[in-house]
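Here the protein sequences come in this chain order: A and B. The first sequence begins at 10 in our numbering and counts up one residue at a time. The second sequence begins at 39 in our numbering and counts up one residue at a time.
Treat each hint with caution, since some may be false.
Taking lysine to aspartate or glutamate pairs in the EDC-like style, the calculated list, with each CA pair at most 20 Å apart, reads [what the hints assert, rightly or not]:
| hint | chain 1 | residue 1 | chain 2 | residue 2 |
| --- | --- | --- | --- | --- |
| 1 | B | K122 | A | D224 |
| 2 | A | K722 | A | E598 |
| 3 | B | K128 | A | E112 |
| 4 | A | K268 | B | E163 |
| 5 | A | K671 | B | D169 |
Chain B is nowhere near these chain A residues, computed Cβ spacing over 10 Å in every case [what the hints assert, rightly or not]:
| hint | residue |
| --- | --- |
| 6 | T202 |
| 7 | T221 |
| 8 | D224 |
| 9 | K232 |
| 10 | S358 |
| 11 | D472 |
| 12 | K565 |
| 13 | T635 |
These stretches of chain B come out as covered by chain A in the derived footprint (C-beta under 8 Å, 3 or more residues) [claimed, not checked]:
| hint | segment |
| --- | --- |
| 14 | 71–83 |
| 15 | 103–115 |
| 16 | 142–153 |
| 17 | 168–179 |
These are computed hints drawn from the structure, not numbers from a lab. Computed from a predicted structure; not experimentally measured. By construction, the Cβ of each residue, glycine as well, lies at the ideal position given by its N, Cα and C atoms.
Okay, here's what each chain looks like letter by letter:
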Amino acid sequence: MKDDQYSGLEFLEQPSEMEMSRRDFFKTAGAGIYVLFTIGDSLVSWQERQGIPQRSTPTDFNAFLKIGEDGRIACYTGKIEMGQGVVTSLGQMLADELDAEVESVDMVMGDTDLCPWDMGTFGSMSTRIFGPALRTAGAEARYVLLELGSEHLKIPVEQLTTANGFVIDKTKKENRVSYAQLVKGKKIERHPTGKVSVKKPSEFKIMNKSLTRRDSEEKVTGKAKYAGDIRLPGMLYAKVLRPPAHGSKLLDADISEAKEVEGVQVIKEGDFIAVLHKYPDVAESSLSKIKAKFDVPKSDIDDKNIFDHLLKVAPEGKVVAKEGDLQAGQNGAKATVEATYFNDYVAHSPIEPHTAIAQVEGNKATVWASTQNPFTAKEEVARELGFASQNVRVITPFVGGGFGGKTRNLQIVEAARLSKMTGKPVQVAYTREEEFFFDAFRPAAIVKIKSGITDRGKINFWDYHVYFAGERGAQHFYDIPNHCTTVYNSSWVGAAGSHPFATGPWRAPGNNTNTFARESQIEMMAAKAGVDPVEFRLQNLTDKKMIRVLKTAAEKFGWKPMKGPSGQGFGVACGIDAGTYVASIAHVEVNKTTGMVQVKRVVCAQDMGLVINPEGATIQMEGCITMGLGYALSEKVVFKGGEILTSNFDTYEIPRFSWLPKIETVIIENKDADPQGGGEPAIVTMGAVVANAIYDAVGVRLFQLPMTSDRIKEALKKT
Amino acid sequence: MTERIRFKLNGQPVELTTDSERMLLWVLRTDLGLTGTKFGCGESFCGACTVLVDDLAVRSCATPLKNVQDKGVTTIEGLAKGGKLHPLQKAFVEHDALQCGYCTPGMIMNAFSVLKKHPHPTVAEIIEGMDDNFCRCGAHNRIIQAIQVAAKEMERGN
Ligand code: FES
Ligand code: FES
């Protein structure tokens, strides 16, 4: 596996040690067959190379599966379900390897007491890194069952097979024994030996077949529990006093009036002030009775001048790819294109705001939380309360969307702190305003590109500089003899003094910005060369996978060669993310008077290797395309210094029904290749594909995301 | 003002004495323990808190309790009858019209109201009726399909 598939991942928090040792685990485990496994040796070696301490990945095991006496199969993992559908796809893998029904597989996820340590759910890793390990474990368990079956039926293993939860004599089908029967009264531990092979694609019965979500029924009836839906006796709802801006200091607070409200409890510890009540709405209205004065630091940085500021404070660049000689390339170029691209800060905005409920009893804490990294939360709570970490349990119910944003766990720590102080269970749930205020935004970023073409329409040099977006997706995949890619601030977290507030990973971190810049630049060169944009890409590509993906998209779209701008409103963009190759083609309409863009149709082709659940993968692609419309067209955080002026959906517009284009997706059949990421790739092309289509429609190029109607009108005016 | 409020909740009479200016959302979720109705924005923008009052969609985060005095309130928990999913719920499941599922109760309740107004809806009518309900996961196109299928199913009297 190539290194770059992991780039952009970051391990901000390291757990102190593996919490659940094998021995502890077996003391409490009941009867069953247990296969203990570790995910991704490749991940461990990657961490080694990055200088990440080894203890962060348990050498022992960090997931296991169990076949119980009832014949049910359970997978215990610290990963979580936030809509991406892993409850379904991981279940499919296990059921297929074990020749069992999907319905007999239970996924036990994100509970730090029941599941072994996991670093978190992000980076499109569940399927591509966890998946193969899970399948190997499943295959191992099947082999154990065959051995047990052989003993039980007194038939050699070679003569046995498995189907529907039974070990069966190949020569005499009625000679069979169920998994449940075989497991009864036994306790068997295995680690994958590597000797048992997983199924070949031709043997799949459940994998690579579409399956609808397994969690829908709970979700359409209102039964599905999210963190905020947990009810505990005596629970209080807390509202915490917030500063008007990041970096503010509380000078003075008068809590007397809030205290008067019947049933209200006010907590004040230093500048941490919270109002608690048995009703959340009463807590909130009482909070507004607190008169607080803050010292707000002065700052002239706002969403308009942030880019100048960032360029000024940018750290030294790091060359991440280089070949040939840029100067020689430039000398040989017939035409050059030089451009600077920008994108504003973007929020995650899951519809479920950050929420947590904590119950501290004695020296033990139990927390229910909406989080993408429960094991990190556990450490954070332990540290805050001064508890041993084995005394903290974090349970992750359904998560109402994450997109990278639910890796910060401030609300969890606050709930735990308040529960300890009051001796009661406490819920902290963000309002929408708090959700915007505390979000670790996708960073504002700048990309500068200078590139050139020969008279034969070949790109002969490419000088690429990206500031603050991060490294993921910065490297191009075109065939360019002289090129250099320089990254300034390679993480989504900015160097000190750069961003006025927190920034963090946002669905396909870095890659949205990088793909927007690269694919806009490519299209500008195509126009300069007077070559059709699809044709131009093809003549500058040697990567067979990308060529196939692009041709597939073009064919599905019914692409006819054209010279841009053609007035039709068609645009193309390609990208690679999390090992998956994507090509998108869009059709847009632009209203020249209002500057409004309507995306009419998006065709997206993707090569993601082996697909476990094609239906699930398609849904993820649709989700990416839809969410991507927002950062392309409207989403932008408005701020002044540390003051976040964006506070709700009236000013922060996320995609709605009337924006939706017709979406057509194609997943390229590639069963024999390893599975790659699915939850992020298709979103990376959305900025560029819309920008290129706008250019084709009205002949103006937008260099900044989002391409709001005002910016489009402005650009039209200039021509 | 503390008042005695009576209304029908999912067909059952309820009575409570509380400040009648409190928003229905919080009363449902806390006092009455029905957590299917979700909080998303608290200011009428997102639709996650949508419930039916006399079969019409309202945003419970902005509906004071006094507004439902003597009325009928239906939440997502009250839609399935006798263990049988409502055609909208069934269609959402069959079309995978959800991902994280957090917007789903509000989507379904709002769709119910749209279909009351337009029993034979065009796609344009569905889009217009649903446009102020937000989904961050991007299930929109599938939700539209599910509503169309449910409308046909309901026409058949199911
Ligand atoms: S929570 Fe009521 S509309 Fe958003
Ligand atoms: S399914 Fe997640 S917000 Fe709609």
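Here's how the hints hold up against the structure:
{"no.": "1", "hint": "B:K122 with A:D224", "result": "17 Å, holds"}
{"no.": "2", "hint": "A:K722 with A:E598", "result": "14 Å, holds"}
{"no.": "3", "hint": "B:K128 with A:E112", "result": "19 Å, holds"}
{"no.": "4", "hint": "A:K268 with B:E163", "result": "49 Å, violated"}
{"no.": "5", "hint": "A:K671 with B:D169", "result": "16 Å, holds"}
{"no.": "6", "hint": "T202", "result": "37 Å, holds"}
{"no.": "7", "hint": "T221", "result": "5 Å, violated"}
{"no.": "8", "hint": "D224", "result": "7 Å, violated"}
{"no.": "9", "hint": "K232", "result": "7 Å, violated"}
{"no.": "10", "hint": "S358", "result": "6 Å, violated"}
{"no.": "11", "hint": "D472", "result": "36 Å, holds"}
{"no.": "12", "hint": "K565", "result": "17 Å, holds"}
{"no.": "13", "hint": "T635", "result": "3 Å, violated"}
{"no.": "14", "hint": "71–83", "result": "holds (count 12)"}
{"no.": "15", "hint": "103–115", "result": "holds (count 3)"}
{"no.": "16", "hint": "142–153", "result": "holds (count 3)"}
{"no.": "17", "hint": "168–179", "result": "holds (count 12)"}
Going through the hint list in order, the structure does not satisfy hints 4, 7, 8, 9, 10, 13.
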